[in-house]
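Chain order of the listed sequences is A and B.
For what it's worth, the numbering used here labels the leading residue of the first sequence as 6, then goes sequentially.
For what it's worth, the numbering used here labels the leading residue of the second sequence as 2, then goes sequentially.
Simulated from the structure, these hints should not be mistaken for lab results.
There's no promise every hint is true.
Stated by the list, open to error - Sample of chain A residues facing chain B (criterion: CB under 8 Å; computed from the structure):
1. A227
2. M229
3. A237
4. L240
5. T241
6. R252
7. N253
8. D327
Cβ atoms here follow ideal geometry from the backbone N, Cα and C, with glycine treated the same way.
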Amino acid sequence: MALAVQRLRYLGRRALQAVPIILAIVVCNFVLLNLAPGDAASVLAGEAGSATPEYMAELRQRFGLDQPFHVQLFHYLRNMLAFDLGYSFRHSRPVLDLVLDRLGPTLLLMGTAAVVAIVVGVLLGVLAALNLNGWRDTLISIFALVSYATPLFWIGLMMIVVFSIQLDLLPTSGMESVAAFYEGWERVVDIARHLVLPATTLSLFYLALYTRLMRASMLEQAGMDYVVTARAKGLTERRIVVRHILRNALLPIVTMAGVQVAGMLGGSVIVESVFGWPGLGLLAFESLFARDLNLLLGIFFLSSCLVVAVNLLVDLLYALLDPRIEVR
Amino acid sequence: MAEPTPILDIQGLSVALPSNADRKHAVGDLSLQLFPNEIVCVVGESGSGKSVMARAILGLLPVPRVRPVAGRILLEGEDLLAVPPARLRAIRGQRISMVFQEPMTALNPVMTIGDQIDEVVATHLPLPERERRQRILELFAAVKLPDPERIRHAYPHQLSGGQRQRAMIAMALVLGPPVLIADEPTTALDVTTQAQVLTLIKEMQGLRQTGVLFITHDFGVVAEIADRVAVMQRGRIVEQGPAADVLNRPQHPYTRALIGAVPKLEPPPRPAPSSKVPFLEVRGLDKAFRSGGGIFSRGRVVHAARNVSFQLRRGETLGLVGESGSGKSTVARCVIRLVDPDGGDILIGGEDIAHLGRRALRPWRQRIQMVFQDPFASLNPRRPVGRQIADGPMTHGVTAEAAMARARSLLELVGLEPKAADRYPHEFSGGQRQRIGIARALAMDPEILVADEPVSALDVSVQAQVLELLADIRRRFGLTMLFITHDLRVAAQVCDTIAVMRQGEIVESGPTAEIFARPSHPYTQTLLASVPGRAWTPPAFADAPVAAAV
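Please take these sequences and the hints and turn them into a complete structure.
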């Protein structure tokens, strides 16, 4: 009971500590993006084909782009604190709506990819370690090496070529067949079919990484003293692996996975672009070329919130798995 | 009365090492018998094969790299080297159990103590959960663990070192095995805890008539606990017999060398100090370490040194003794200013260096040097040792050629070949590396040498040689020495005066002979009473060569 209260208090304190971190990230993003050449006005004017300097000036005034930099930053921060992420002029919609629309698909893709990478990676790693230097170990290690070394976008394209175009098993892009108007379970199945290729592509790299990490971790733990103790107790090898080695070997994977969720967000930009997945990554990609800085900042903000939240979850999970870690 | 039958009978055991090892057999043609209700100590230095022998009995060797190739290990007539795996598993834990050196690593860190012990019972006996728990709680009480219910739910890191080892012993004894193998069970413990655990092992052994095979490197422990002794050297037993005979009338030259190297507990007479003026003086030294904490919490504070004061005259050796965590290493590190003290003064020849900044400290650095405990971790593995010795002088402006020439002559001084300068640390043994560490400190021409447990990682015969070397250079260079140790035997031989530390404070200090003869503080009395084998005085041999084994 006391432990639960302690964990809740820890959660509250960490959430509080996250506020200044996220604010700092927001300021950094704002400064960095303003260093980039070009603004929304020049892109709009460029697309219009011809624009007089007067028209440009008017646009800038309307968007507040003519104000001094620190005033812009101040306004932005004030709006952020009220959860007002601003307005996207490209899409003519509030940034918050746009971003929340795209959050679901991204979480679905990332979550699936992360679960697949961790579960399959751990299983393969254990299998390889238990068959050390056997044919299974060799096969898994080769698979891991190849997946690890191949670029994401290439895997994505090849998957489309093989599974969608040649074999015609799975759809090439998008999240669902909009024109079919599926409902209920049919819709779930449809989305799942669309999910297979992008999730596999995104998870493959991490899967390879966790396989190698888990294999090494299992082998390291197998050489520890407590394994000798367990053997001296008269336990069977299977029980030693399941009860003793596995849990200890999992700890580094949890650490690594927690850190890499941020990396997965980065990877999802590529994967979402290749598969036309309507997520945050694709949105970020589009808004970057449209100089839609408000939208871009909004995406960055949401991503950083996501990373902070996941890190917090991982820390809690770690405390559950490893009694030596205290949450205080 | 019939001839008693041994419960464990090792006959002609040989254990092969991989082909690239420095010798062919870890254990060669070894025969040893263990009878019920006796403690047999197997003594030997590191690499003598004593642990390999112990693990071979339970089939715990890393086969196929290290594997038994000849002989039999009979447990009540059954050959353990020939039984099928399932039978061996049934014997492990139930007929023979084992206690290991380091209870922190020998216990699974993410499983509660209760679960780990319960596993032994559940594997071997078809008992309901409640009876198993009852059994465990009773045993916890028997090994004198406080609050058994709490210990059952605790994780290994939540117990003290002594409690962990008691829990290990409880785990080994839970099924009442007739044979207990204890592999250096007290080596990782503090001396007072060691005394308690030794008493416990002896007590439990007597109650249950267990045959105990006790592996150790420490003749003090042997004197404390053994009924019979077997001495191992390079995989073979060179001498065995009743404890009193082997300890007091050893026959084999190796045994004589080992016993001759054990430092005696009574301090030798020492010349009176030549001057009254303190050369190194520490006054009211304070140091606290803070961990954790941040904007929202205060964190933990550990006072590693509280109002520590002592004086050292030129040419004198002061021993700072205490158990782990007493703060003796922190004081040493403050004195050479590797750690910044929170308060107090450190005076060398009357000048205070406790508060000097980095730059102002530089000229002092070479006057005070340190020899570290771990000869493996304190040398950079990727650089030739000569360069490492030359580094210090070179940063103080000596030319590279001169520094290297000096490094070579220093290596010769500490008993190594000058050629050794071009070799890397891994090419040397532990004792040789400690010699290199001493040469490195000497390269700076220090006036004060701080030695932090310089011999506690070394075997007893090597320890004797390194201590002799330290005494020799101290005389030759007129060094003043601050000697940190947990080993009262070593302190008795090396130090002119002694300061006993506990929990960051010096509880008692004075001339060594006086403290050993009339300890006034209760803690000092406990420490002295805990020295293993204090009732045994190692015999002196006129003929014994000190350096039989390197």
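Honestly, which of those hints from before does the structure not fit? The structure breaks only hint 1.
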